[in-house]
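These protein sequences, in sequence, are chains F and E.
For the first sequence, my numbering assigns the number 89 to the initial residue and increments by one for each residue that follows.
For the second sequence, my numbering assigns the number 265 to the initial residue and increments by one for each residue that follows.
In short, the hints are calculated from the structure, not lab data.
Mixed in with the good hints, there may be bad ones.
[Stated by the list, open to error] Below 20 Å or equal to it, Euclidean Cα-Cα: the simulated EDC-like pairs (lysine to aspartate or glutamate) are:
id, chain 1, residue 1, chain 2, residue 2
1, F, K253, E, D426
2, E, K527, E, D454
3, F, K250, E, D426
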Amino acid sequence: MIISSAKPFEEILELLKEEDDIFILGCNACAAKLHVGGELEVIRMQQRLEEAGKRVVGWVVPGAACSVASFDALVEKNPAIKEAKAILVMACGSGVSTVSRVAEVPVYPSNNTNSLGGRSQGEVIPELCAMCGNCTVYYFGGICPRGQCPKQLINGPCGGSKDGKCEVDQDKDCVWELIYLRLERIGRLDLLERIWDPNGIPD
Amino acid sequence: MPRTFKEKLLSDDFLVTAEITPPKGTDLNEALEDAEILRGLADAFNVTDNQRAVMRMSPLAVSKALLDKGHEVIMQLTCRDRNRLALQSDVLAAYSLGVRNISVMSGDHTTKGDHPRARPVFDIDSVQLLGAIRKMKEGFDLSGNEIGGMPDLTVGAVSNTDLSKPMQLLKLRKKIKMGAEFIQTQAVYDTGQFQTFMEHIVDMDIPVIAGVIPLKSAKMARFMNGNIPGINVPPEMIELMENAEDPAWEGLSICAQTIRELKGLCRGVHVMPIGSHSRTPELLEMAGIRKDN
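I would like the entire structure built from these sequences, with the hints used as guidance.
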């Protein structure tokens, strides 16, 4: 899932400073699961905008904001959108961009988009994948170093980790430590001996 | 004729390399004076590349200035600031200007330096850069285009000596496979630990030049233990520093003793002083190192 987080409401208000007659478009995929673009959050956004003196002409939470056929298709389901002078999209940057392509009014994001991650047992896990277009995660015990290492190193760790923690963030485990432990657990440490060329191809 | 660093690497000499930091600005005098202090004492000068991700003059320019003064240099090259085009481009530039030794490393992340918002590159890593340079030595760039070659380029890499990190050793092995001809290490204080490291990599058969940093105070030792990965100053050394009347001299004395112990363990030492090399000749003399080249 795409990991996004809500911008501070003050920032959203600042973005919408010159706008009124706003239509809110949520996203029932990732943003809803992360509680930053589902129905509850959209209704809450409507209330807060109205409390701030804005007119909200309507809202919708489509299956996915990143999969919108056309403006007509949007209007068909939500005639109120025709009255809108601006659209606030409560989704990731892909959702905002997709809606922007079809909308005839300015489109604003309510969220910041952080990474491609996941959610497991309630925990949100960011940066699981770097979307490099050449998936090799199997060789790293299912832990992608391109996604999780700040230096995107695929031949092993840098010299900067200390006590198993990342050079960049002491609260974060060095991903190479995790990869090692994982491959050790499944008895595949031999996978680590591969040398990866500059195109991400194993020897 | 003085022998080259490469020839010395292949000999049985105990080597001394020393770190030169490029200026934060355009004035080369300080760097050149620092090197001058060690003329005849150091076999080559490592010129650092935006060390600790702090922006400084390009090591290429400083290397050229040192070469012009008759010094031998090991130009450092990090993967942090350049993509594969720029890295190869700088290797060509360095070679054409007379640089014959290059040491490659990942580089500290930009967030650790003085331009924390800079976008880090890391297009290729140190293992891949070693492979790229090996290919360039044979006359081809990374895409297989002919470039004429640079047969007498000697390439080194860096390594941690902490055996508790198996991945570090694995990466060292990869570096050697991809053409590293010598290794320089992070500062060594615990020579016992270092000896175990050397025993562990004996099959790798590569010259290892052990890093040393003279301590200046107990506080500095504690700071390094807490903040610099791969450095382990033993508690008794910190205590010696704590009780010293002249901590800077005590630090030199400890460092000289370390160098004496390292003489039997590896192929040389790499002196990384904090600040200038003003006391490095004294350090080397205390350690019983004299060069007559």
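Requested in this report: Sort out which numbered hints this structure fails and list those numbers smallest first.
Outcome: Checked against the structure, no hint fails, so every one of them is satisfied.
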